[in-house]
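> Listed below, chain by chain, are the residues.
Number of protein chains: 2
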Amino acid sequence: MSGAKPIFIAVVGVGGVGKAFLGQLEQLRKRLQQQNAPIDIRLILVRRSNKQILQKEWEGLDIQNVLTQLDSSTEPVPPFEETVDHLTTAPGNVVLVDNTSSDTLAATYPSVLHKGISIVTPNKKAFSSTHDLWTSIFSSAANPTPLHSSPSPKPTAHPGYIFHESTVGAGLPVLSTLADLLATGDQITKIEGVFSGTMSFLFNAFMPSLSPTEGGTFSAEVTKAKNLGYTEPDTRDDLNGLDVARKLTILARLVGLPIASPNAFPVRSLIPQELESCTSGDDFLQKLPDYDARMHELKTAAAAEGKLVRFVGSIDVVAAEVKVGLERFEPSHPIAALKGSDNIINLYTKRYGSNPLIIQGAGAGAEVTAMGVTADLLRVIRLLH
Amino acid sequence: MSGAKPIFIAVVGVGGVGKAFLGQLEQLRKRLQQQNAPIDIRLILVRRSNKQILQKEWEGLDIQNVLTQLDSSTEPVPPFEETVDHLTTAPGNVVLVDNTSSDTLAATYPSVLHKGISIVTPNKKAFSSTHDLWTSIFSSAANPTPLHSSPSPKPTAHPGYIFHESTVGAGLPVLSTLADLLATGDQITKIEGVFSGTMSFLFNAFMPSLSPTEGGTFSAEVTKAKNLGYTEPDTRDDLNGLDVARKLTILARLVGLPIASPNAFPVRSLIPQELESCTSGDDFLQKLPDYDARMHELKTAAAAEGKLVRFVGSIDVVAAEVKVGLERFEPSHPIAALKGSDNIINLYTKRYGSNPLIIQGAGAGAEVTAMGVTADLLRVIRLLH
Numbered sequence: 001m002s003g004a005k006p007i008f009i010a011v012v013g014v015g016g017v018g019k020a021f022l023g024q025l026e027q028l029r030k031r032l033q034q035q036n037a038p039i040d041i042r043l044i045l046v047r048r049s050n051k052q053i054l055q056k057e058w059e060g061l062d063i064q065n066v067l068t069q070l071d072s073s074t075e076p077v078p079p080f081e082e083t084v085d086h087l088t089t090a091p092g093n094v095v096l097v098d099n100t101s102s103d104t105l106a107a108t109y110p111s112v113l114h115k116g117i118s119i120v121t122p123n124k125k126a127f128s129s130t131h132d133l134w135t136s137i138f139s140s141a142a143n144p145t146p147l148h149s150s151p152s153p154k155p156t157a158h159p160g161y162i163f164h165e166s167t168v169g170a171g172l173p174v175l176s177t178l179a180d181l182l183a184t185g186d187q188i189t190k191i192e193g194v195f196s197g198t199m200s201f202l203f204n205a206f207m208p209s210l211s212p213t214e215g216g217t218f219s220a221e222v223t224k225a226k227n228l229g230y231t232e233p234d235t236r237d238d239l240n241g242l243d244v245a246r247k248l249t250i251l252a253r254l255v256g257l258p259i260a261s262p263n264a265f266p267v268r269s270l271i272p273q274e275l276e277s278c279t280s281g282d283d284f285l286q287k288l289p290d291y292d293a294r295m296h297e298l299k300t301a302a303a304a305e306g307k308l309v310r311f312v313g314s315i316d317v318v319a320a321e322v323k324v325g326l327e328r329f330e331p332s333h334p335i336a337a338l339k340g341s342d343n344i345i346n347l348y349t350k351r352y353g354s355n356p357l358i359i360q361g362a363g364a365g366a367e368v369t370a371m372g373v374t375a376d377l378l379r380v381i382r383l384l385h
Numbered sequence: 001m002s003g004a005k006p007i008f009i010a011v012v013g014v015g016g017v018g019k020a021f022l023g024q025l026e027q028l029r030k031r032l033q034q035q036n037a038p039i040d041i042r043l044i045l046v047r048r049s050n051k052q053i054l055q056k057e058w059e060g061l062d063i064q065n066v067l068t069q070l071d072s073s074t075e076p077v078p079p080f081e082e083t084v085d086h087l088t089t090a091p092g093n094v095v096l097v098d099n100t101s102s103d104t105l106a107a108t109y110p111s112v113l114h115k116g117i118s119i120v121t122p123n124k125k126a127f128s129s130t131h132d133l134w135t136s137i138f139s140s141a142a143n144p145t146p147l148h149s150s151p152s153p154k155p156t157a158h159p160g161y162i163f164h165e166s167t168v169g170a171g172l173p174v175l176s177t178l179a180d181l182l183a184t185g186d187q188i189t190k191i192e193g194v195f196s197g198t199m200s201f202l203f204n205a206f207m208p209s210l211s212p213t214e215g216g217t218f219s220a221e222v223t224k225a226k227n228l229g230y231t232e233p234d235t236r237d238d239l240n241g242l243d244v245a246r247k248l249t250i251l252a253r254l255v256g257l258p259i260a261s262p263n264a265f266p267v268r269s270l271i272p273q274e275l276e277s278c279t280s281g282d283d284f285l286q287k288l289p290d291y292d293a294r295m296h297e298l299k300t301a302a303a304a305e306g307k308l309v310r311f312v313g314s315i316d317v318v319a320a321e322v323k324v325g326l327e328r329f330e331p332s333h334p335i336a337a338l339k340g341s342d343n344i345i346n347l348y349t350k351r352y353g354s355n356p357l358i359i360q361g362a363g364a365g366a367e368v369t370a371m372g373v374t375a376d377l378l379r380v381i382r383l384l385h
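If you read the sequences in order, they're chains D and B.
Going by full-length UniProt numbering, the first sequence opens with residue 1, and the numbers climb by one from there.
Going by full-length UniProt numbering, the second sequence opens with residue 1, and the numbers climb by one from there.
Careful: at least some of the hints might be erroneous.
Below, simulated DMTMM-like cross-link-like pairs (lysine to aspartate or glutamate); rule was C-alpha separation at most 25 angstroms, straight line [what the hints assert, rightly or not]: (1) B:Lys307 to D:Glu330; (2) D:Lys307 to B:Asp316; (3) B:Lys339 to D:Asp62; (4) D:Lys51 to D:Asp62; (5) B:Lys339 to D:Glu305.
Pair by pair, the computed Cβ-Cβ distance ranges are [as the list claims (entries may be wrong)]: (6) B:Thr135 to D:Ser261: 47 to 55 angstroms; (7) B:Ala320 to D:Gly256: 41 to 49 angstroms; (8) B:Ser277 to D:Asp316: 51 to 59 angstroms; (9) D:Ala304 to B:Lys350: 38 to 46 angstroms.
Note that these hints are calculated values from the structure, not bench results.
Where a beta carbon is used, it is the ideal one built from N, C-alpha and C, also for glycine.
This is chain D alone, in the form it adopts within the complex (with noise of 0.2 angstroms):
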């Protein structure tokens, strides 16, 4: 490896996804040094709520047993300020991998790219509060635009790049893909899918597209996609609909409207109004069952048209209309034809005419959500380069 450029990375949250992305690192690594790649990757901080192992001579942490080190740690843990300020004095480029969902850390983005760190990030909470803060990253990073594929003017004081494919299905290339879209010409008419694994597997049960009369009530589904570990703990975070309405404000931007939050469009929650006050999850998993006639209804009401209900969200372009929402769609339909918990994101671009460019698969879990990580990380090896 002697002669190799190092590239510092340094992670924080340690869950599931950040767990998959240390085991992907460590591929990664030691296939670059198989390989006799001029890049040598060293991790050098893993950070999350309560402990922090920092690497101060920048060579590079044991991935394989840096869990186990960060469990028994005693290491103080400085304000996140500090920690980046240090990572300014590495000997070389750095990149953060925010592997939370904490609106605390999204916030510091624009400081984080502003001092020469790159990002990359599955946290839907940067790209989707505030259009302020997102305005402020993207005004802050080497990669300007949220188009962000396009070459641009690069500020001379060397900002960091930030990339998210992981905060809309995963893994599934579906920012990547709008991005080359855009930056080659083409223009987006509209955007409609199924972005939630957990909806996705609760309709395909609830009304099955083979066999629409044979789901169970809809609390039942309910009840059974939270004992599968498909939802939430709390299964009114999956139901309230906002972890799609993040996902759609995140592409409504991109495509170029200026979405206030997301609560600025219609989101269809599939939390009855009278359970809205629920104190526990569990209370409200146990009330549910009082309001299953009011889904069955719905039920009814599409398969009296041969219809099918769906949890989709939308963006109608040209309108500049986004919501999410259910609604009915024939069982040849692709969204009606989704299977388990898959995404499914259709693109309708002026190129591509009346049949969208559809691109589906799983949408949620460690390793595919990861990999959306690893690939950016990858994306920013090679501009860093």
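Since the structure of chain D is already known, use the hints to place chain B on it.
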């Protein structure tokens, strides 16, 4: 544009795709200029079989009028090698855009790359002919392995980069997605899909998914497809399966199978053996109805199982088996439910499990093919910048 770094573009081939590419290039040039980007795109060569315009002062041709200029040009057309040698004297990086499907041009790629010129192309010949040519191309390029998205040692002599997204699925993000999957350490287990817009259109008409019995006879649908402009001028060039075999050769090599040539695995030709000696495409089309009974039998057999016949290519990576032929699918299968002349590519990987990553949409057409070429050009510009 003062201070902007020039990038010199040399275009060979100005048919449908070439013309669409020139349109996109002009759009891109204008957009970069408007954004004050530090890149100055200059078209310096336009060449077709019997005409050529070379801008010897490196100032950039007027893209909008260049085809009229080419038509009326009386400039002598030097051998391609001579023109390449001249391009190497450009005061900056040169990208050759090969919009032909020429074998001869493909054979020059190794030497073009060696001379420091990058290549972007939808020309399948270079990547699907002999394995020797393929090896020679990638050992000459700055991205020396087919896993072209992984950072790799750059030889000191600065060879060119090569990208060829549009050789499979036109502008659909097939090769870039495959490259990301491989570069991040996923394992591809199987690739299956409909890789020909013509075959897609033909079988969707011959045996429609929503009304399998309503299609016309095979020969009638072939004639209809030809009259609508969905086939090659000689329909046998589609029906022999070679186009699909070339695309599978490209994909199989990318996932590590050392396929010798597109003839090295089973390819089902839809040309009846008795008609292989037809002297013209018209003669062939006239006699094709005599063999409709065979295709009708296949259709009936599939229908008896409640399935649909489709013309698919598949690569079983684990068993190292590649084949092109007719397969049966349930109507709800994404391959059967395909619309119009769309392509569909199913990537089965270790991380994605039993539900593949699916990419679907128009896989032919001048604008979408040119889009893949333009996106590749942007990739090269980012790497060179």
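> For every hint, state whether the structure bears it out.
Consistency of the hints with the structure:
Restraint check for Lys307 of chain B and Glu330 of chain D: satisfied, since their Cα atoms lie roughly 19 angstroms apart, inside the 25 angstroms limit. The suggested pairing of Lys307 of chain D with Asp316 of chain B is violated, with an alpha-carbon distance near 36 angstroms, which exceeds 25 angstroms. Among the hinted pairs, Lys339 of chain B with Asp62 of chain D is inconsistent with the structure: their alpha-carbon atoms are about 51 angstroms apart, more than 25 angstroms. Distance check on the hinted pair: Lys51 of chain D and Asp62 of chain D sit about 17 angstroms apart at the alpha-carbon level, within 25 angstroms; holds.
Only pairs whose Cα atoms come within 25 angstroms are accepted, and Lys339 of chain B paired with Glu305 of chain D is accepted, the gap being roughly 22 angstroms. In this structure the hint that Thr135 of chain B and Ser261 of chain D lie 47 to 55 angstroms apart at CB holds, the actual value being about 53 angstroms. For Ala320 of chain B and Gly256 of chain D, the hinted distance range of 41 to 49 angstroms is satisfied, since their beta carbons lie about 46 angstroms from each other. A hinted range of 51 to 59 angstroms for the beta carbons of Ser277 of chain B and Asp316 of chain D is consistent with their spacing of about 55 angstroms.
For the hinted restraint 38 to 46 angstroms between Ala304 of chain D and Lys350 of chain B, the CB-CB distance of approximately 43 angstroms keeps it satisfied.
The structure fails to meet hints 2, 3 from the earlier list, while all remaining hints are met.
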